[in-house]
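The residues making up each chain are set out below.
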Amino acid sequence: MSPYRTIIGLEVHVQLLTRTKLFCGCSTKFGLPPNSATCPVCAGLPGALPVMNRMAFELALKAAMALNCQIASLTKWDRKNYFYPDLPKNYQISQYDLPFSKAGWLQIECPGGAKKIGIIRAHLEEDAGKMLHDEQGGGRDSLVDLNRTGVPLLEIVSQPDLRAPEEAKAYLEEMRLLLREIEVSDCEMQEGSLRCDANVNIHIPISPSPVASSFSREPTASADRIQPHGTPSALAAGSRLNVESTGAEGETFAATPIVEIKNLNSFRGVERALKYEAERQFQEYQQKLGSVWNVDPRSARNFAGSTVIPVQEKRNGSLVMVAKATAGWNEKRGVTEIQRRKEEAADYRYFPEPDLVPILIDSLMLEKARAGLGELPAAQRNRLQTEYGLSPYDASVLSSQGRAVVAYFEQTAGLSGDPKETSNWISNEVLQTLNDRKQQIREFAIPPASLAGLIQEVKSSGLNKQRAREVFAEMANSDATVKAALAKLGYQVVSDESQLREIVRRAVAANPKAVADFKKGKVKAADAIKGAVMRETKGMANTELVQRLLAEELDAV
Amino acid sequence: MNELTAAELLAAQVQGASALEITAAFLRTIHERDGSLNAFLHVDDEFALAQARAVDAKRKHGDLLGILAGVPVAVKDILCVAGQKTTCGSKILRDFIPPYDAHVITRLKQADAILLGKTNMDEFAMGSSTENSGFTITRNPWDLERTPGGSSGGSAAAVAAGLAPLGIGTDTGGSIRQPAALCGIVGFKPTYGRVSRFGVIAFGSSLDQVGPLAHNVYDAALLLEAIAGHDARDSTSVDRPVPAYSRGLDQLVKPLTVGIPREFFSDGLDAEVENAVRVALAEYQSQGAVLKEISLPHSSFAVAVYYLVATAEASSNLARYDGVHFGHRAEKFADLLDMVARSRGEGFGAEVKRRVMLGTYALSSGYVDAYYLKALKVRRLIKDDFDTAFRQCDVIAGPTTPTAAFKLGEKTGDPLAMYLSDIYTIGANLAGLPGISVPCGFTKNGLPIGLQLMAAPFEEGKLLQVARMFERATDWHNRRPKVQAPG
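As they're listed, the protein sequences go chains A and B. Quick note: the first sequence uses my numbering, first residue 1, plus one each step. Quick note: the second sequence uses my numbering, first residue 1, plus one each step.
Isolated chain A, as found in the complex (with noise of 0.2 Å):
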């Protein structure tokens, strides 16, 4: 059991899948050749006004709304302001008091079943331009590419709901399949569409005395003053904290200060990030806790049912609160390296942007968005278990690889009868095949027909797993049915009783010794029969009968 409890916060910027910018017709195209996708208006020349790309918010509007968010029947634009050469208006057009969208949640899997994630927020916004630095100019000279200022992006605020590494990657897994499905974004982090910063702290148990420290003036920690102020605040944290390793409600912790880990770019960098970036702070905690760093009841507060109180550092006699530090994640290295602690918020100087209108979104466009999501994956794979009767497991194998597999599913299942058996084919086979041969579903030469064909003639004629994976692999090669890939292999299942009795008959006897082992009880030696059976058939017998004549047959002798 781990000391302690991880919280984690995820801010996740996602491009839309415009084919233009969000305040001018520039191509929002991966790769083309530095600064040719701009024009006066990204480019931020005097006198260039930007122009809302409709589009833009329409998917915006369809992913908040399948991130269960409420939507703001009017929003505005803001300016925020800061100085940085990739930005060459200087300010970001952005969202501020008034996000279009807040307030939803997004359902992951855990291991311990499916758990909600709070979303603050999602808004939208342009991007920046791209810094590229000379490093062999010996670092003077830096170029700025302004083919990415102005590509649409919404940002994904999660609360602290996360508990776990493995669940801020789970958390932003499910996050790309949402938006994939409902062709939002195409989340590659490799291409910079999804970006992900990870706000993570440690909560240290405590209780039920907080750690004295020779520093506090006041000698009895008045354990009265750090009551748990009750049941969770409105405050949106998971429906289900069920991922708590250390600690429950009611409980009073020490919390570390908040780390905002930076230039993450994989789910995997995401995931090793926060556990080596939790585990650093634990050490930190226990070799400054009561030199340096000291846990005031007087600071407690509440978060989520339990009571926090964040460390303070002693510095001229007194307590200051820890600010809150930016990392950069070294993934050669697997290391967070601490960048800069934010002594003073930086001050962006907000304001509505005077050169776009607010936006008035009308029961018309959410309708429009609404009917644009279809089925999300969520709810699809709840649907796939009373459906189908597929387990968890399964049901979010396939609903995980989007849903044109899914429909494969359901047509194929449709038609072989038998959900379980055609889930186990695509989850195994089909997608085995796919992923070697990089195709997509669209693309496979078996059709679920004939899929189902493949099912039912297992069930029916007892074909063997290993026989039938060859027919399969035979209907992939060469678009075969399945009648055409046995005979071409010249499959023939043995059905006959009478023949298949006889080879029976024939094995029971050229074994004394196995039989002799299941008689005192060793079921399995009867394998050594049937394997027999199968070597004489050519792996061509029907297994089921099989059972049934060699049962019959050690019975007889």
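Misleading hints may appear alongside valid ones.
Straight-line distance between alpha carbons at most 35 Å, and here's what the computed DSBU-like set of lysine-lysine pairs gives [stated by the list, open to error]: (1) B/Lys85 / A/Lys130; (2) A/Lys80 / B/Lys462; (3) B/Lys383 / A/Lys76; (4) B/Lys462 / A/Lys76; (5) B/Lys462 / A/Lys324; (6) B/Lys377 / A/Lys102; (7) A/Lys262 / B/Lys332; (8) A/Lys275 / B/Lys383.
Hints were generated in silico from the structure; no laboratory data involved.
Chain B: place on chain A using the hints.
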């Protein structure tokens, strides 16, 4: 030739005059007289003459001609013209050549107007005297020791002195109407959203509006007609049809109620100006209008609100001038921050720096509620005052400025006194209303005085008709200053 109005120049061409000779005549006048005025920052003779030849060729071929065919226009250097220097009166844009035309420039080209050149202005339109230009000081054609007003002082002086029959200005707090009043011409600020701001270098984006400067109301109406209308590239541009303002201009507005805000006739208003304005109001009365005293109770806060809203927006709008992507970059610098600081320090003038600092302060955390957000609330109240007033009257009338043209250098040391010269014009910007200044007399020293009229949003047609009613009964707009060639 250079004394003629736009309407007269159009007529002259029908009579056989060519755009080329008209353009040449104005260019000649510019070269003769502008040494005394410094109204223009850049004049491109070849570019202007080429346009004129093209118009003449079109006429010769019997092609359809635009409504300003062959009429020269002086354009404030705040509007981008593709391939031509556009400095916005700032050293930071000394060598900036935009790759595109402002929407207004496109419309002027479509109207077959002749772009003579770019006129001087207060840097980034921040000022009321054109003395804040990063390049030169423009003089008032009526008295070379005095200011033409600002920030569109170059365009106003050019029209008044006969260097161009028409001028384009921008008005953020009075920058068209105030110089028009001080130069004895007509200046019109349209409703916010009536004219596209695309390609207009931004100062206060929620206040900026492009408009005409002209010798008379008809010319102003014609120019407005050419430049007004929806532009998909400016989200704040309003999609409403543009009436043919120049037609039906002589229609009388009857019945007509003229609202006189009592707050516009209080302390600080020069007696000669007040007298001229009261005589003008009496003229309306004699034409059957009802004069009605009204109140704009929050107008005393207008200057304060303006200097928070406009500076806040400006502090952000001007952030892009950092020496990174375009504009002036300091030659020597230690690092990135130093480069940005030095480039801005060298490129911006004192008034721009003052306003960027004011605006930055007004938006800063800890102050934004007390300043910027409070100002937005009061702006709403000021707008409400006008809405209430226009339920009682058709137009609001009063002085355009508290005084006639002041001396160069008179107010440069006292920014607050300078800011107060826009006290009557700022309200229309905060409320987004159309406003016009028409000549209504002269001081005993021979300085022009302006009458300001304002109307409800998109009542440009009515406002021009009301202005025309006064103009037709008076002769002030026909007076021209005598500008001597320098030396």
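Results of checking the hints against the structure:
Note on B/Lys85 and A/Lys130: the hinted pairing holds, with a Cα-Cα distance of about 29 Å set against a maximum of 35 Å. Pair hint A/Lys80 plus B/Lys462 does not hold up; C-alpha atoms about 41 Å apart against a cutoff of 35 Å. The suggested pairing of B/Lys383 with A/Lys76 holds, with an alpha-carbon distance near 21 Å, which does not exceed 35 Å. A C-alpha spacing of about 33 Å is found between B/Lys462 and A/Lys76, which places the hinted pair at or below 35 Å, so the restraint holds.
For the given pair, B/Lys462 sits about 60 Å from A/Lys324 by alpha-carbon distance, which is inconsistent with the 35 Å threshold. At roughly 26 Å between alpha-carbon atoms, B/Lys377 and A/Lys102 fall within 35 Å of each other, so this suggested pair holds. For a cut-off of 35 Å, the pair hint linking A/Lys262 to B/Lys332 stands: about 33 Å separates their Cα positions. About 57 Å separates the Cα atoms of A/Lys275 and B/Lys383, which puts this hinted pair outside 35 Å; it is violated.
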